[in-house]
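Chemist: Next come the chains, spelled out residue by residue.
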Amino acid sequence: MKSFKKLILALVVVLMLAAVPAFARSTYYFAGDQVFSIRAGVDFPGFISFYNDSDRGTVSFWDTHMKLGGFASIAYQGYISEYFALGGELGYVFNYSLSNKLLTTVPMTVKLTYVPVQTGRFDLAASLNLGGAFVRYDDGKFFAPFASITLTPSFFFTDNWGIGIESGVMATWEFYTKSNDKHDSSAFCGLIPVTLALSYRH
Amino acid sequence: MKRNTLFAIAIMITAVLLLCACNQDATDGIYSKVASSTESKDVVTRAYLGTDGAEYYYLSDKGIFKVSSSTALLEMADDDKRIIRGASIDGTDLYVLVQNTVEDDEPVFTANIFKTTLSSPSLSGDPLAPSYTGLTVNGIAYGAEGIYDTDMTTLKVSGTVNYHLETEEYAFFSVVDSDENYKFYIFKDGAVLSDFNGLEGDDTAYVAFQPIDTDGSDENFVLISNDSSGFCGHLLTATDGLDSTAWFTLKSSLPYGSSTQAASFLYTVDTSKFMAIKCNNYFDVIDVSDTTETPTVTPIATGFAQDIRTTEISNILETGDSTNLFVAGTYDSMLYLIDMTNATETSLADTTSTQIE
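In order, the protein sequences belong to chains A and B. Positions in the first sequence are counted from 1; adding 2 to them yields the working numbering. Position 309 (the second sequence) corresponds to 291 in the working numbering; numbering is contiguous.
Okay, chain A solo, but in the shape it has when bound (with noise of 0.2 Å):
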């Protein structure tokens, strides 16, 4: 499991260091630019982390007990200057759990995207989302913050197609007061996903 995490850290600092020499001051975007996308892919249990129990404290990957999932979502976002593009993002995401059982969370977000590359051809966005959740799973139903941050490189076969893979973590916070007996079940999730990205830039 350690491997894994270090393998996809190593992966996006190849990423981001092979994007540099192409790091240049001109700019494909200008305020006012829009870009609609969708995304779908598997996403990877990553952690859960029972910050008030010592016992439990955290566990990861499949000591998480849930299985591979998938996401989709959809996102539309303008351009407020060259680099930053804002705009909102609908999510919907799933895992079984070991017993076979359905977590889904919906997340709702408001979406920031710094692209510091961007060729034309090619762009490296980066994108921090932040909002809420409805998480429903068994018998129980919370709506919570939620919170990603997520790399996208993209390659635009035609000036308004293009085509990416994003990855990064997505963490949603189920917490209780001291008072609640389920104080100590209080956890932040936190989940991978891989997904294809489509976008279409106007």
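Accuracy of the hints is not assured; some may be wrong.
[Claimed, not checked] List time: in silico DMTMM-like cross-link candidates among lysine to aspartate or glutamate, alpha-carbon distance up to 25 Å:
#, chain 1, residue 1, chain 2, residue 2
1, A, Lys143, A, Asp55
2, B, Lys23, A, Asp141
3, A, Lys143, B, Glu294
4, B, Lys23, A, Asp140
5, B, Lys233, A, Asp186
Derived from the structure by calculation, the hints contain no laboratory data.
Keeping the supplied structure of chain A fixed, place chain B upon it in accordance with the hints.
Modeler: Same frame as chain A, now just chain B:
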């Protein structure tokens, strides 16, 4: 002003999210339940029956099986439309309670007990003589007339069995006699205990039963009821009978599942004794060492409880191999071996539960 308005909206949204971020519906955290889920074998264990030394046997929704084989010893329903409703193992003998649904093409509702063997199980012979309504896992048969002796044909207790609760060796019966009085009986190894032979009872539907003192002449038991104040433990002793006052109250709620009895077991640490009872999402552990003191009740989610606390459990029996080893029948994942040998008075971190393959 505009910036302050945006800031205020962001604060309000954050506050709403924080207020909504707690799961009010279930009795356990969502991610806590996910992390405690166990691999489903698609086999619903109705009762763990015991071992013959080498094999573990269980009654599932598909019939009677041994863990080492996916082929049923006896299928749940046979060609004569008879359905297995209970089973008990006694050495190499297998007793099977079978419900008859059809007779001469007419619907019926009767039940028989067949005595067969584990090595060659069959329902083709003649059943035992009486007509039965129930069979405990530890081998006590009862019918419309009352409760039978170990031979399953001699009537031992007359009356109508209201319900029963059982453990490895003991069985608790609530019986309504011919005068419509409620009586309690406790059997051990098939025989009625003299101090618990027709105790004055009540119409309370107790949902768990655990012997806590079984040495010597003064045997003590715990019965769990569902009172208005919660799930309460009551002492039942030879000297004082049933204490209607709660001795302790569970911290967790008991599951509302297919089983009428919440599974429990008793483990020991040096001279101390602890009762562990399967609740909805936790095991509550109660220190029952001293019946004159109010015991502590602690919900447990780690150690042996980690992998089995969210699944329904049919029953938990001692393995018979050594103390502090138990086998639990689960509704999701067949049988689990619970090992309490490394329990201490203050920590259960080194206790384990392992799926029996």
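Chemist: Each hint needs a verdict: does it hold in this structure or not?
Modeler: To see whether the hints hold, each was checked on the structure:
Under the criterion of a C-alpha separation no larger than 25 Å, the hint pairing Lys143 (chain A) with Asp55 (chain A) is consistent with the structure, at around 21 Å. Between Lys23 (chain B) and Asp141 (chain A) the alpha-carbon distance is near 21 Å, which keeps this suggested pair within the 25 Å criterion. Straight-line distance between C-alpha atoms of Lys143 (chain A) and Glu294 (chain B) comes to about 21 Å, which keeps the hinted pair within the 25 Å bound. Using a Cα cut-off of 25 Å, the hinted pair Lys23 (chain B) and Asp140 (chain A) holds, with the two alpha carbons roughly 18 Å apart.
At most 25 Å may separate the alpha-carbon atoms for a hinted pair to count; Lys233 (chain B) and Asp186 (chain A) meet this at roughly 14 Å.
In terms of the numbered hints stated before, the structure departs from none.
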